[in-house]
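Colleague: Residue-level listing of the chains:
2 protein chains.
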Amino acid sequence: MTELLSDTARKTTLEPLLKTGWKLDSNRDAIKKTFKFKDFADAFGWMTRAAIWAEKWNHHPEWFNVYKTVEVTLTTHDVGGLSTLDVKLARKLDTLAGEARA
Amino acid sequence: MTELLSDTARKTTLEPLLKTGWKLDSNRDAIKKTFKFKDFADAFGWMTRAAIWAEKWNHHPEWFNVYKTVEVTLTTHDVGGLSTLDVKLARKLDTLAGEARA
Numbered sequence: 000m001t002e003l004l005s006d007t008a009r010k011t012t013l014e015p016l017l018k019t020g021w022k023l024d025s026n027r028d029a030i031k032k033t034f035k036f037k038d039f040a041d042a043f044g045w046m047t048r049a050a051i052w053a054e055k056w057n058h059h060p061e062w063f064n065v066y067k068t069v070e071v072t073l074t075t076h077d078v079g080g081l082s083t084l085d086v087k088l089a090r091k092l093d094t095l096a097g098e099a100r101a
Numbered sequence: 000m001t002e003l004l005s006d007t008a009r010k011t012t013l014e015p016l017l018k019t020g021w022k023l024d025s026n027r028d029a030i031k032k033t034f035k036f037k038d039f040a041d042a043f044g045w046m047t048r049a050a051i052w053a054e055k056w057n058h059h060p061e062w063f064n065v066y067k068t069v070e071v072t073l074t075t076h077d078v079g080g081l082s083t084l085d086v087k088l089a090r091k092l093d094t095l096a097g098e099a100r101a
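These protein sequence lines map, in sequence, to chains A and B.
Residue numbers 0 to 101, in numbering that gives the first Met the number 0, belong to the letters of the first sequence in order.
Residue numbers 0 to 101, in numbering that gives the first Met the number 0, belong to the letters of the second sequence in order.
No wet-lab data here; the hints were simulated from the structure.
Remember, it's a predicted structure, so these values are computed and weren't measured experimentally.
Where hints are given, some of them may not hold.
Which copy is meant is left open, so a pair is good if it fits within one copy or across any two.
[Stated by the list, open to error] Restricting the straight-line Cα-Cα distance to at most 20 Å, the calculated cross-link-like pairs of lysine to aspartate or glutamate (DMTMM-like) are: (1) LYS35 x GLU61; (2) LYS37 x GLU54; (3) LYS31 x GLU70; (4) LYS67 x GLU54; (5) LYS22 x ASP93; (6) LYS67 x ASP77; (7) LYS35 x ASP6; (8) LYS10 x ASP41; (9) LYS35 x GLU54; (10) LYS87 x GLU54; (11) LYS31 x GLU61; (12) LYS55 x ASP38; (13) LYS31 x ASP93; (14) LYS32 x GLU61; (15) LYS32 x GLU14; (16) LYS37 x ASP77.
Modelling step: build the complete structure from the supplied sequences, incorporating the hints.
Modeller: Below you can see the structure in the form of structure tokens.
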């Protein structure tokens with residue numbers, strides 16, 4: 000069962016993410032990041048790879064794409080806030096973006 | 000060269016779209032529609048097919064996806080408003096959504 004991140008987990012797993020460009024949403028318990036790519040094909044290619052992981056983990060992002068930019072928000076609707084699933088997906092998105100830009 | 004839709008074209012090509020669920024954006028010369036699918040895989044599958052057409056035509060949507068919902072906005076940044084490219088892409092998105100739901 001997925002649970003809200005504990006205070007300890009927020010220190011150990013959320014804080015490192017906040018150093019890689021993720022920000023806390025000011026309106027709700029969620030994290031956001033804007034990813035920029037070379038062009039649309041690159042951006043959507045990354046989304047496609049991310050979508051496969053999201054579906055595999057049954058945990059889906061809220062995301063907005065315009066051309067080469069993708070704004071992502073992660074939260075866990077089932078628990079009404081951030082859970083370990085969000086941390087896991089955020090890390091995967093960063094990894095995939097690093098590969099996409101490599 | 001892409002141009003803004005003429006008044007005549009708005010009558011003949013835009014009005015029919017407004018009957019299929021597209022709406023004029025109240026803030027700028029753009030059209031919007033919310034597409035709902037069975038689940039995420041269905042929604043993202045549709046986005047992937049749409050992305051290929053968008054790239055082929057070099058005309059890209061602004062779109063926001065959460066799970067099985069995709070909110071699309073179309074406008075032509077180069078001309079600062081709606082052009083024939085938006086009508087063409089809107090029709091394609093409708094067609095692809097029809098096939099996806101079939």
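Colleague: Hint by hint, note whether the structure agrees.
Modeller: Hints versus structure:
In this assembly of identical chains, the alpha carbons of LYS35 and GLU61 lie at most 20 Å apart whether taken from the same copy (16 Å) or from different copies (15 Å). Taking identical chains as interchangeable, the C-alpha atoms of LYS37 and GLU54 lie at most 20 Å apart only when they sit on different chains, with a minimum of 14 Å there against 25 Å within one chain. Taking the shortest Cα distances, LYS31 and GLU70 sit within 20 Å of each other both inside one copy (7 Å) and across copies (19 Å). Taking the shortest Cα distances, LYS67 and GLU54 sit within 20 Å of each other only across copies (12 Å), while inside one copy they are farther apart (22 Å).
With identical chains, the CA atoms of LYS22 and ASP93 are at most 20 Å apart within one copy only, with a shortest distance of 13 Å there and 35 Å across copies. Proximity of LYS67 and ASP77 under a CA criterion of 20 Å is satisfied inter-copy only: 16 Å between copies versus 30 Å inside one chain copy. With identical chains, the CA atoms of LYS35 and ASP6 are never at most 20 Å apart, being 31 Å at best within one copy and 37 Å at best between copies. Taking CA atoms no more than 20 Å apart as the test, LYS10 paired with ASP41 passes in neither setting, with 33 Å inside one copy and 37 Å between copies.
Proximity of LYS35 and GLU54 under a CA criterion of 20 Å is satisfied inter-copy only: 17 Å between copies versus 22 Å inside one chain copy. In this assembly of identical chains, the alpha carbons of LYS87 and GLU54 lie at most 20 Å apart only when taken from the same copy (13 Å versus 31 Å across copies). Taking the closest pair of Cα atoms, LYS31 and GLU61 come within 20 Å of each other both inside a single copy (9 Å) and across two copies (18 Å). Proximity of LYS55 to ASP38 under the C-alpha cut-off of 20 Å is restricted to the inter-copy arrangement: shortest distance 13 Å between copies versus 26 Å within a copy.
Taking the shortest alpha-carbon separations for LYS31 and ASP93, only the intra-copy value of 12 Å comes in at or below 20 Å, while the best inter-copy value is 30 Å. For the identical chains of this complex, LYS32 and GLU61 are neighbours both inside a copy (11 Å) and across copies (17 Å), given an alpha-carbon limit of 20 Å. With identical chains, the CA atoms of LYS32 and GLU14 are at most 20 Å apart within one copy only, with a shortest distance of 14 Å there and 37 Å across copies. For a Cα distance limit of 20 Å, the shortest separation of LYS37 from ASP77 across copies, 19 Å, qualifies, whereas the shortest one inside one copy, 34 Å, does not.
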